[in-house]
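Novice: Two independent chains are provided; combine them into the complex using the hints.
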Amino acid sequence: MTADAQVGTVDERREHAGGAPPEPLVAIRNLSKYYLRGDQVIPVLVDIDLDVPEGDFVALMGPSGSGKSTLLNLIAGIDKPSSGEIRIAGVDITQLSDADLALWRSANVGFIFQFYNLMPVLSAFGNVELPLQLTSLSRRERRDRVETALALVGLSDRATHLPNELSGGQQQRVAIARALITDPTLIVADEPTGDLDRTTAGEILGLLERLNRELDKTIIMVTHDPKAAEKAHRVVHLEKGVLVH
Amino acid sequence: MAIPLAYVARSLAARRLTTALTAGGMALVVYVFATVLMLSAGLEQTLIATGQEDNVVVIRRSSQTEVQSGIARAQADVVEALPQIALDAEGRPLVSKEPVVLINLPKRGTGKPANVVIRGVTQAGLGLRPQVHLVEGRMFRPGTAEIITGRSIADGFQGAGLGETLRFASRDWTVVGVFDAGHTAFDSEIWGDAEQMLQAFRRNGYSSMLFRLTNADDFDAVKHAIETDPRLTLEAKREQRFYAEQSEALSKFISILGTSISIIFSIGAVIGAAITMYASVASRTGEIGTLRALGFSRKAVLTAFLLEALLLGLIGGVAGLLAASVMQALSISTTNFQTFAEIAFSFTLTPRIVVASLIFALGMGFVGGFLPAARAARMKIVDALRAA
Ligand SMILES: Nc1ncnc2c1ncn2[C@@H]1O[C@H](COP(=O)(O)OP(=O)(O)O)[C@@H](O)[C@H]1O
Ligand SMILES: [Mg+2]
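Here the protein sequences line up with chains X and H, keeping their order.
At position 38 of the first sequence (counting the first as 1) the number is 38 in the working numbering, and the numbers step up by one without a gap.
At position 255 of the second sequence (counting the first as 1) the number is 500 in the working numbering, and the numbers step up by one without a gap.
None of these hints come from the bench; they were simulated from the model.
Please read all numbers here as calculations on a predicted model, not as lab measurements.
Hints are supplied without guarantee of correctness; some may be wrong.
[What the hints assert, rightly or not] So, partial list: chain X residues that the calculated Cβ filter (under 10 Å) puts toward chain H:
no.	residue
1	Pro-63
2	Gln-95
3	Val-109
4	Phe-111
[What the hints assert, rightly or not] BS3-like, lysine-lysine: derived pairs with alpha carbons at most 25 Å apart:
no.	chain 1	residue 1	chain 2	residue 2
5	H	Lys-497	H	Lys-482
6	X	Lys-80	H	Lys-544
7	X	Lys-240	H	Lys-625
8	H	Lys-482	H	Lys-468
9	X	Lys-80	H	Lys-468
10	H	Lys-625	H	Lys-544
11	X	Lys-240	X	Lys-227
12	X	Lys-227	X	Lys-80
[Unchecked claim] Here are the simulated distance ranges between beta carbons:
no.	chain 1	residue 1	chain 2	residue 2	range
13	X	Ser-64	H	Asp-628	16 to 26 Å
14	H	Arg-623	X	Tyr-34	19 to 29 Å
15	X	Asp-183	H	Ser-505	57 to 67 Å
16	X	Tyr-34	H	Ile-604	32 to 42 Å
17	X	Arg-140	H	Ala-265	32 to 42 Å
18	X	Pro-120	H	Ala-265	14 to 24 Å
19	H	Ile-577	X	Pro-120	41 to 51 Å
20	H	Arg-623	X	Asp-144	34 to 44 Å
21	X	Gln-40	H	Leu-567	58 to 68 Å
Built from N, CA and C at the ideal position, the CB exists for glycine as well.
The shape of chain H in the complex, shown without the other chains (with noise of 0.2 Å):
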């Protein structure tokens, strides 16, 4: 009862330029949202993947980040000494107790200075991040002013690539390694032997502790133990928790503003299908006459208009996808607020995103189409045939 879909395409696919004119308009926006909500999925995907499912974090009560918290030697001896922690093949308990210290480096090329992680590890630390590894030079010795960094760091920070020499905390570190941290918070750090990080920062005491459990689902018991101690003022979090918060705010401020622009600018991209909605059902206004008067229905032609808008913004939606699909291979790098760290990260492209740019991109269709179609079964058939 319907009218045919061949007619409702090929009328679009006759306004060639038009159609793409529109389309495009709406590709722009679709584009736009799709990009913005890449680079917040990229945000949490990195973050997230930076956490193992056993290991555990612990820092100081109500800091938000490990650079802000502080755990006292002393308290780290008690958390040392919890059962529910994994041990070695020697049978040392798989603990990496580490200073975490924020520093200014100066980028390459522009010479700005942005804040970079610098984190003081330990054998163990290595052995609890399995995703990190070595891809140019080797490990730094322990008991020396060597240091390994960070793929984006490597790329991104003048002296930090392999051979080249930092300063900071009054000393010269020279760089004998770069690792791949495949794509997590870690592929942004500086890492060094815990000890030496300590005496050039002055530091008394640890930022966090990071340890494995024997069983995954110790968890509640060790948190317990550890959050109930009268001597520690300390909590503890999974690692895949603590960095997925970390991401969080960061995160949802980039999906808000992208969705934001996206709104508004889908307004533009709503009127510009309109006015060629409307343009379409004046040009047609004898073919929706004739239709009628061969018995189709207002509500078949209040239908077909409508499908001719949602076709176009399905156009649009799918080339915006398209053009944002292509960022996927664009990796890119900024301050997260949270951490005032610099991460890097890569747009990403979630099933989730793809089913909401093309409800966007539907939802404009529909939005600017309604009343032209509207307009269109409204006619009365012997004006529309006048007008022929």
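Same shape as in the complex, but just chain X (with noise of 0.2 Å):
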């Protein structure tokens, strides 16, 4: 069973959900995360509900440890919440297995990281190339994919350069060329400009922009910038780990 086969494409939803308004991409429910730290309960994130319909762009703001890379990691399928429900395109992904959720995840989710998390031993295209080692794709269909979204993120010239011999900006675009590659539905972005300087952060706004309007990706990303939240369509405030609206 394949990732693809059990969420269903976007269309299929929709026709099957017939006249009735559409369901949100992201529907979270009750959804709620703590630690325990000896026998001491440590809440994180109580009692969450959280809509994202299709082609949103959200911005998660708050203060530092208010639980905004949780929220996000766990919609992102890469934590395991304490209760509730995270339903994305109709699967709750809360239920699936390790092995289920990881083939999910490659197809359903990108991911761009404060850090960019590029591979420092694979060149550009094969940071890029990366995701598409989990499809059936041949070499030369994921050699093309590859050089369209290098193309996408302008850095077609860069193809053969290792992250080290790439700026903090380029290095981010090459991780949004990952994050896009398998053309995932759904892209996270946890402080994707935290460590950039002003200029770089607004190319990188504006390309995330451009995924939201021509791609029509879905993006969640957690930022502290109010600059870059005004680029999203809607702000969520986390405060404690509770929604505020």
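Specialist: Structural data, given as structure tokens:
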């Protein structure tokens, strides 16, 4: 069973839904996450409800330690909640096994990190190609896709460069190309401009805007930066693990 | 569905010094492992090559070596009359009745004494051993105190070189020739006239007989005839089998000793590999978290790190084998404790040793890499990403 088969395409869901308003791409209900330290319970997220319709661009803001990254990680399927439900494109990902979740991520989520998280020994090309190693695409098809993605982020001439031969902004663009390469519906970004100067941050945000507008990607972005949040359609605030609207 | 091999190999290459040191440790172990097996293989090969397919050795029943054996002249006559024995051009049976004596001679350089085999041979005895040929000087003349020496005896013992004189059995013997026996056990012997040796050593009987069969398939019949004859207390063996048996104990001893030493050393190399791989996992925690986030499974991560450790082992294995293969140029000499005689042989690298060494090296990589790889695979994604 592939992740695609479980999830179905967005269009299929709309057809099944008939005339009713479409289910949001991300539907979070009663989501809680806490850690145990000894016999002390440390709440990180408390009873979160959140809907993100398809095509939305959401900025997740809040003070440091308020649980932004934790919420984003739960939505992206790299962490498990203590309780609650996360339905993405109709699938409750909290119910998936470890292996199914890995498969689901590879097909449905694109990741952008604050520190780019590129593989230092792989070229820009190799890094962008990495998620395609999990698909059955031929070498040729992979190359065509990677070239397209690198062209989209304006790095066609840097394909053979290693990450340490690229500037921070360029590395983040490679990371964006990697996030796009499997054509996921959802892109999660945790402080994508946190390590960049103003100008470069502006370029990266412009790129994210284009992904949202031109490629219909649904983006959830954690940020400290009000300038970055301005680019989003909507800002959601977290305060000590609780959503404040 | 796997993490690309390029990532695995380049991660190893990126840590050049640690990789080289760790692989070097494994190479050392593989070197020891391979050279010991090469030693044992060289010994086996030398002794097996000593025998001819259609030659038969006769010795006294249950004596392990020719030196311990004794064959009375009357018994020798009975054996010589067997109809299956091949005849030479003049119609005489191709039989060599040989006294074999062990004597003590000082080595060149150190002067330390070592045992050397003296063999009395006849004209037929030379014909029965086609791998033996003179490389210096000439053949001894029958009825004289002349001898010829094997190549490694001539090189290794005082007074054994061409034109020199050896004293044993209360006589002086002149070396008139040096022979090459094509890396067989005969290279470590001294040959003289059989009758002269019998007289000098005051022997009544021979030590062993060597004869050629007209037809190699007749061996069983000959063996039966010799071993069931009540007048004879002898046994017959194919010459190849006879020499192979002489190497078995020494070669097994070398193999077991060497393998034990290698296994003890390998513990060190495995610990080295484990430390290297733990460091590799620790320094790439963030990468592991990222790979998992991108959708690579725990199994893919486990496989990637195991492959990295196996590759490390392979590098060590190939390096160790290369170093060991250089040893082939070397020839060594030691005492075969089964015959108590000095024997010269060389390190021999066989395909079986290459395969065994590589498997050994990969095994070290696997054992050293398993726990670190399991740790990498067990990591929680968020913890790994946070550590980046
Ligand atoms: N593994 C953990 N064990 C205990 N507490 C944790 C763990 N991971 C995160 N936390 C806590 O959860 C809270 C929220 O963390 P995080 O989601 O990273 O915040 P943010 O991204 O908003 O800065 C913090 O107080 C942090 O200390
Ligand atoms: Mg955070």
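Novice: Against each hint, give a clear statement of whether it holds in the structure.
Specialist: Quick rundown of the hints versus the structure:
| no. | hint | result |
| --- | --- | --- |
| 1 | Pro-63 | 18 Å, violated |
| 2 | Gln-95 | 18 Å, violated |
| 3 | Val-109 | 8 Å, holds |
| 4 | Phe-111 | 5 Å, holds |
| 5 | H/Lys-497 / H/Lys-482 | 21 Å, holds |
| 6 | X/Lys-80 / H/Lys-544 | 19 Å, holds |
| 7 | X/Lys-240 / H/Lys-625 | 24 Å, holds |
| 8 | H/Lys-482 / H/Lys-468 | 7 Å, holds |
| 9 | X/Lys-80 / H/Lys-468 | 80 Å, violated |
| 10 | H/Lys-625 / H/Lys-544 | 14 Å, holds |
| 11 | X/Lys-240 / X/Lys-227 | 23 Å, holds |
| 12 | X/Lys-227 / X/Lys-80 | 31 Å, violated |
| 13 | X/Ser-64 / H/Asp-628: 16 to 26 Å | 19 Å, holds |
| 14 | H/Arg-623 / X/Tyr-34: 19 to 29 Å | 22 Å, holds |
| 15 | X/Asp-183 / H/Ser-505: 57 to 67 Å | 59 Å, holds |
| 16 | X/Tyr-34 / H/Ile-604: 32 to 42 Å | 50 Å, violated |
| 17 | X/Arg-140 / H/Ala-265: 32 to 42 Å | 37 Å, holds |
| 18 | X/Pro-120 / H/Ala-265: 14 to 24 Å | 19 Å, holds |
| 19 | H/Ile-577 / X/Pro-120: 41 to 51 Å | 49 Å, holds |
| 20 | H/Arg-623 / X/Asp-144: 34 to 44 Å | 37 Å, holds |
| 21 | X/Gln-40 / H/Leu-567: 58 to 68 Å | 60 Å, holds |
The earlier numbered hints that this structure contradicts are 1, 2, 9, 12, 16.
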